[in-house]
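Given the coordinates of chain A, assemble chains B and C onto it according to the supplied hints.
As a plain string of letters, each chain reads:
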Amino acid sequence: MTVAIVFALLVVGSVVFSLVSPWWFTPLASNWGTIDTTLIITFMITGVVFCALVLFMAYSMFRFRHREGIRAGYEPESGKLELWLTGLTSVGIAAMLAPGLVVWKDYVTVPPDAATVEVMGQQWGWAFRFPGADGVLGAVDPMRIDADNPFGLNPDDPHGGDDVLVEGGEVRLPVGKPVKLLLRSVDVLHDFYVPQFRAKMDLVPGMVTYFWFTPTVTGNFEILCAELCGVGHSAMRGTVVVVEPDAHQPWLDEYPTFAQAVRDTALAEAVRQGNSMNQ
Amino acid sequence: MTIFGTLAAKPWLESGSGEFPPSGRLRIPTGRLGLIFFLIVISVLFVLLGTAYVMRMGFGDWVPLDEPPVLWLNTLALVLSSAAFQGAWIGVRRNRPAGATAGLYAGGLFAALFLAGQLVAWRQLDGLGYYVASNPANTFFYLLSALHGLHLLGGMAAWGRAAARLRHAGSAAELRPAVELCALYWHFLLVVWLALFGLLLADNGGADAVLQPLPHGMH
Amino acid sequence: MAQTAIPTGTYDDTDHDEDLGDGHHEPRSFITKYIWSQDHKVIAIQYSITAMAVGLIALVLSWLMRMQIGFPGSLPFIDPERYLQFVTMHGMIMVVYLLTALFLGGFGNYLIPLMIGARDMVFPYVNMLSYWVYLLAVLVLVASFFVPGGPTGAGWTLYPPQAILPGTAGRDWGIILMLVSLIIFVVAFTMGGLNYVTTILQARTRGMTMMRLPLTVWGIFVATILGLLAFPALFVSGLMMLLDRVLLTSFFMPTITSLGERLSYGGGSPLLFQHLFWFFGHPEVYIVALPGFGIVSDLISTHARKNIFGYRMMVWALLAIGVLSFVVWAHHMYVSGMNPYFGFFFATTTLIIAVPTALKVYNWVLTLWQADIHFTVPMLFSLAFILTFVSGGMSGLFLGNVVVDVPLSDTYFVVAHFHMVMGVAPVLVIFGAIYHWFPKVTGRMLNDALGKFHFWVTFLGTYAIFFPMHYLGFVGIPRRYHDFEGIAFIPDSARELNAFITVAALVVGAAQLVFLFNMAWSGFRGRPAGSNPWNATTLEWQTPETPPGHGNWGPRQPVVYRWAYDYSVPDAEQDFLPQNYPRPAGDGLNPEAPPEQGGLLR
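Protein chains in written order, with the working numbering: chain A, 1115 to 1393; chain B, 368 to 586; chain C, 16 to 617.
Excised from the complex, chain A in its bound form (with noise of 0.2 Å):
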């Protein structure tokens, strides 16, 4: 009897708590506006359900109360109830679906156009290079990694020498231009995360993932680590800033190309002399 109501009271308190509630998305500063109707259409057929599952248990639970004198039905089953609820369901499920794999699709398709980032995230920090002048990224070799060559970038690759490497935690992205990064790791398993970008993708070392997405706010956004990478997991954070498209270039031009780095350094010569040998 309690229970009745309390059940009810929690549907109504549950919508209330979700119509004032003022925890909710960050504002979106990208193309994705897709990703958050499929999330309010699933919370709109989600929610219904919820709230008339549980009214309807309250309603039966006060009706049929134990009374004395009173005896339940006898009704071992109903095939043609049981087929309306799953053709309902099976109804409701697809118009959460396929709204879902329509976007899915977008989200898998990079746009042609979309320019080249890499991220790469060691414990616990995040670097970024750009393909330069060519626009190609230089291929790497994670055996290459070292102080020097914190992206294993091959010397002898032509397309390496103009990549702009930039480290220190913050890049920089044109707004309304899509891009794609790709996503690599030094160590462990890490998680390119911008709670206003929506989308997100693990960096796994030995491999090279992506995604892709196209700022469309410009200002100061957090980076945040989403897959567990060990103790400093919470602290590895970075920025991106997102700037008009004709502020990007002089920005990057600040940065070194990987040429540049490499000709700093006398030990570098010395270790690019020793990675060609062991070709």
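Everything labelled a hint here was simulated from the structure, so no lab data went into it. A quick note: this is a predicted structure, and the numbers were derived from the prediction, not measured. Virtual Cβ for every residue (Gly too), placed ideally from N, Cα, C. Check before you lean on any hint, since a few could be wrong.
[Claimed, not checked] Simulated coverage check for chain C against chain B, where a stretch passes if three residues somewhere in it have a Cβ under 8 Å from a Cβ of chain B: (1) 256 to 266; (2) 296 to 306; (3) 338 to 347.
[Claimed, not checked] Now the in silico label distances, taken between C-beta atoms and shown as ranges: (4) W1198/A to W51/C: 53 to 59 Å; (5) A1349/A to A479/B: 41 to 47 Å; (6) V162/C to P436/B: 31 to 37 Å; (7) W1198/A to I370/B: 26 to 32 Å; (8) L71/C to A1261/A: 19 to 25 Å; (9) S501/B to Y1369/A: 51 to 57 Å; (10) F360/C to E1358/A: 39 to 45 Å; (11) G1201/A to E500/C: 49 to 55 Å; (12) A479/B to D94/C: 50 to 56 Å; (13) W1198/A to L154/C: 48 to 54 Å; (14) D1220/A to L561/B: 47 to 53 Å; (15) S501/B to G1249/A: 37 to 43 Å; (16) S501/B to V162/C: 25 to 31 Å; (17) G1201/A to R571/C: 46 to 52 Å.
Chains B and C alone, transformed into the frame defined by chain A:
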């Protein structure tokens, strides 16, 4: 009754006809059914490892190992062991105690030979520089053969119990359940070994061609 | 409820019974009776007590981590390392060592033979070994708290490379003990599991056809099969990672530069581990859920005095869920970097599995329609289970639908979801089941007032913890964070909400102590229960002794004449007919058609 027939029954309408209504238990000795479930579990174990083997093979740094010739002898020993257990099984079925005893002892002996031979194979591989961690092909060989050997070792324990009981068994029929289970288990482990050995031989075709480790290229 | 003496069917099994193998004699000394016991009931109690004891550790760990989240820095000894160790051990203990062990080792052991009318498991010796090996696994797990470096802090998923590299707590010893313990656990589970399935198939008493089995037994049966097929994957992945850690092999380890140092690993794949792990891990969710589904079906039916609605559909749904649970595993890996096209397949299978699951929920709810509901403590817990499970199931539809998972994965939404669906929901079933079967196990009722108090605090408290937590996930707050210092997008109000959740968690945890007290006190001082206090139909309530003696049935095993749900049968004298209640002579069948009046839809 078929499975689907069973599952379609409406239990609230069924009559409890007769004094002893049927329970529908399977017509198979309980011990054997338990063993069959166990064999299914072991199959899953080896199938998963086999899948991992094939996946890992494709990652580029795989250098197949030269299987030591002693493995062929070991395989022969295991085949003979299995055959001996089959003989023992036939012996207890036809109530020929002498045949059963001989089969049981021979089966255990050949199984012990197989295990000893596997140890020899390990030593030879180790001597040739195929260390556990130096290549995934080596690791998989050691891991798979060790797991298989452990299962056989467990079977040897059951075999030991059966052999011990052999002394004071009045008739061959008394031993029948134990011998049946041993025979079934041995046949199964033979099949597993043949599959593992086949996997090992299958990736060996181009061993010489791929001796150089591939570069760790990316992109 | 008045107890009625009912004539029941039995048969003398002394000549027929072949399943009690040699060596299964009446125990003579204290040691063989309570320690090295081969009696399924004693083994069940051993399993349950061990599982609950280790569960207490998990409870304390959850308090500690909630303190750090709700009131950061208030317990200064909780540094990031310790925090992650608490998270890891809490998760692992709850999922494997408590829920799996309690549902199958505890309830499975106790209920299977009694519910199917058997005298014991078919392999009692192996059954006993299963418990002792499980205890060994628990001891190895607990030992990891006392080794240098402490237990592993890799998260309960133990993802490599992180789990075995420096930079993660417990990398030296903790992870080794963790993996060894899991491997031992799998061995223990296999020994128990073989017993459960074989017993259910082969030891059913006369008349107990498969479709007359109570749904509890069906749930345990399907869950055990899932376990037997899924646990080898955990065994394999654990063993391979152990080799990677100890012998420096490279199953899962690619070329890695760890904290500035090049390691000797190369060529392995971290994703291979994830596939193996979740090939175990997703069925594991159902290994925990299906026994709960079965138990809750029986509790609802008994306490609502009405047959479970759609029994056949319930069985089919269990089987369908069991089969489908092996083709959905990669929905845990949508953002893992696996081939993104897998997402289409796994999102579809995952959402399809919602259909049979939803049907089960409908049938529970429809059982309440036209029922005669007694709001006993077991019933309250069952009703709370449905609400909680529906809530957790709904949030599962978010996470299963691949693209919606992207923003929510690895946030508190996931934490809230899996706690609702496979934390709180199964635990509510366990409580309901303990209140329901405690009278059979001990012969005494649990105290009702304490039970109701325990129920309300637990039910409302857990809802207060996990319902708002979904919204922290919407905000985007990532999980497994020691602190949220300096993260600008998290509003201050979220910190206040976290403090509230922590307070609720402390209260809920404290209420469990009341429950423990109730069990200890009622075990000795509780009201004597009689043999069938709930007027239930299933066989375990029809034993000649309560608690059931060795061999369960005295000289004569019961004979089953009807299904498990003959509650409120029209024209019957009392509102329940036990399964071993003979049918009237000359009448083979119940009425062909259900009564005209009432009925939901025809």
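These are the hints, each one checked on the structure:
Under the rule that three or more residues need a Cβ within less than 8 Å of chain B, the assignment of the stretch 256 to 266 of chain C holds, with 6 such residues. For a cut-off of 8 Å, the count of residues in the stretch 296 to 306 of chain C with a CB near a CB of chain B stands at 0, and the three-residue condition is violated. Using a Cβ-Cβ cut-off of 8 Å, 0 residues of the stretch 338 to 347 of chain C lie near chain B, which falls short of the minimum of three, so the contact claim is violated. Between W1198/A and W51/C, the C-beta spacing of about 55 Å keeps the proposed range 53 to 59 Å intact.
Taking 41 to 47 Å as the suggested C-beta distance range, the pair A1349/A and A479/B does not conform, at roughly 58 Å. The hint said 31 to 37 Å for the Cβ distance between V162/C and P436/B, and at roughly 44 Å that hint is violated. Under the hint 26 to 32 Å, the C-beta atoms of W1198/A and I370/B, about 27 Å apart, fit the expected range. Checking the proposed 19 to 25 Å range against L71/C and A1261/A shows it is violated: the Cβ atoms sit about 48 Å from each other.
Distance hint check for S501/B and Y1369/A: the Cβ-Cβ separation is about 41 Å, which falls outside the suggested range of 51 to 57 Å. In this structure the supplied range 39 to 45 Å holds for F360/C paired with E1358/A, their Cβ-Cβ distance being about 41 Å. Under the hint 49 to 55 Å, the C-beta atoms of G1201/A and E500/C, about 51 Å apart, fit the expected range. For A479/B and D94/C, the Cβ-Cβ distance of about 54 Å falls inside the hinted range of 50 to 56 Å, so the restraint holds.
Checked against the given bound of 48 to 54 Å, the beta carbons of W1198/A and L154/C, roughly 53 Å apart, stay inside it. Between D1220/A and L561/B the C-beta distance comes to about 49 Å, which sits within the given range of 47 to 53 Å. A beta carbon spacing of about 41 Å between S501/B and G1249/A agrees with the range 37 to 43 Å that was offered as a hint. The supplied range of 25 to 31 Å is met by S501/B and V162/C, whose beta-carbon atoms lie about 29 Å from each other.
Separation of G1201/A from R571/C is about 48 Å and conforms to the stated range, judged on CB atoms against 46 to 52 Å.
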